[in-house]
Every structure is written in C-alpha cells, then in structure tokens.
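Visitor: The primary structure of each chain is shown beneath.
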Amino acid sequence: NAGVTQTPKFQVLKTGQSMTLQCAQDMNHEYMSWYRQDPGMGLRLIHYSVGAGITDQGEVPNGYNVSRSTTEDFPLRLLSAAPSQTSVYFCASSRQGSGTEAFFGQGTRLTVV
Amino acid sequence: AQSVAQPEDQVNVAEGNPLTVKCTYSVSGNPYLFWYVQYPNRGLQFLLKYITGDNLVKGSYGFEAEFNKSQTSFHLKKPSALVSDSALYFCAVKSGGSYIPTFGRGTSLIVHP
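Protein chains in written order, with our numbering: chain A, 65 to 177; chain E, 53 to 165.
So that you can see chain A by itself, here it is in the shape it has in the complex (with noise of 0.2 Å):
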C-alpha cells in the first residue's frame, strides 16, 4: 500500500493563478481532510470530507474549493493564489470513527510570489 500521496512536492505560483493540489489514498478511508502548516501555527483544517460526495468546510476554509467524487481521491483547489496562502499543505485520511488515527501524506509545499 501507498497510504497517502500528495503531488506536486514543491510548487511555486504567482500571484493570480490557480491550481490543484492532488491528494489519493489506497487505504478505502471515508474520512479525508486538508491542513495547512504555518510556524507557531500548527496545523489548521482547511476542508475535510466524510464520504464520497461530501465536503464541509474547516476552520481556514477561504481562498480553497474541494471536492470528493471518489472514495480514494480528495483535490484541494487553490482559485486564485495569494502570498498569504504559501505554507505546506497535507493530506490526511482516516477510518470512520472517532477512535481512529490520520494517515498523512508527505505535504506539499507551496510558494506564492
């Protein structure tokens, strides 16, 4: 099994463009959720998904849309990037429950000039 992979590793956008941020996990995981690091930050919720077809909304949802058509895949999409949103972005998936533990991908890292 791959887990969690996140692609691009590095991105650098300009201010302006768009892009999406790929995310795929191979564990048949419902829940799939979106964080950013910032320093002195620590990791903040962007959007999250329960199931195939459903998003909400985290704690730092502006700037990003989502969607999950598929159990595996769950793209964050960057409408029209800031420099505010350079950070490291990472994929987690879990089992349903409240027990259950995140499996992260290895982030993307995100520059915009």
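I should point out that these hints are in silico values taken from the structure, not numbers from a laboratory.
Taking lysine to any residue and the SDA-like style, the derived pairs with C-alpha atoms no more than 25 Å apart in a straight line are:
#  : chain 1 : residue 1 : chain 2 : residue 2
1  : E       : K101      : A       : G163
2  : E       : K101      : A       : E123
3  : A       : K73       : E       : Q97
4  : E       : K101      : A       : G161
5  : E       : K110      : A       : R159
6  : E       : K101      : A       : T69
7  : E       : K101      : A       : N92
8  : E       : K74       : A       : M105
9  : E       : K101      : A       : Q170
10 : E       : K101      : A       : G115
11 : A       : K73       : E       : L140
12 : E       : K101      : A       : M105
13 : E       : K101      : A       : E165
14 : E       : K74       : A       : G104
15 : E       : K121      : A       : G161
16 : E       : K129      : A       : G104
17 : E       : K110      : A       : E165
18 : E       : K101      : A       : R159
19 : A       : K73       : E       : N93
20 : E       : K110      : A       : S162
21 : A       : K73       : E       : Q90
22 : E       : K101      : A       : A66
23 : E       : K74       : A       : D102
24 : A       : K73       : E       : L99
25 : A       : K73       : E       : R157
26 : A       : K73       : E       : R94
27 : E       : K110      : A       : Q160
28 : E       : K101      : A       : Y95
29 : E       : K74       : A       : R108
30 : E       : K74       : A       : S162
31 : E       : K101      : A       : N65
32 : E       : K101      : A       : V114
33 : E       : K110      : A       : G163
34 : E       : K129      : E       : R157
35 : A       : K78       : E       : N93
36 : A       : K73       : E       : A139
37 : E       : K74       : A       : P103
38 : E       : K129      : E       : N107
39 : E       : K74       : A       : E165
For this one, chain A is given, so just place chain E on it according to the hints.
Guide: Same frame as chain A, but now just chain E:
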C-alpha cells in the same frame, strides 16, 4: 467544541534522560486523544492514542502517554531520550462523534548528545 493546548514551544533534554511533552485538552464528553510525530520535511506519523481503559498508553519507539481525566491532560513521556527522538510533536483530540481531530500547535523536542 474541542481544543488542545501544548504549553511548550520547545523542550530540551539530554540524551538518556527522561522526557515529557505536555498536552491539555478540552472536549464535550469523552475525549479521544492522539500523539503524532513529524520529522523534518515529512508528514505526521501516528505514535499512540487513548480511547478508553488503561490510563497509561504505550506506543511506537518506546513512547508512552498518561491520560489524566481530572487534569484534562495527556502528556507524552519516554524514560530515556535518544538524539533521534528530536522532532516536532503534535497532540490531537476528538470528541465522541466528531469526524476530524483538532491539533495543538506542536512542541519541538530537542535531544542533546
């Protein structure tokens, strides 16, 4: 609502000495508590979790954590630190019925030779 606090940004310990990384939480109802570790330029890895039962939980790499309901704490411990334990440690909490955990800001553990 659920929240978690890691009061120390950094913990320094000498190799061979015991280490403690602190975490306190706030949830409605019973908590589900987790510790994760992040090595440089990597995603988070699950270390251990408390769901119910024994207050002392054992996890990967010799780490353990003690659940204390009266103090609403879940401190991470290891009897003898290794230089290779140096990393960023995150505490996370879920309340019963919640889908996605809330993470603390992280504590940087530095083990000196």
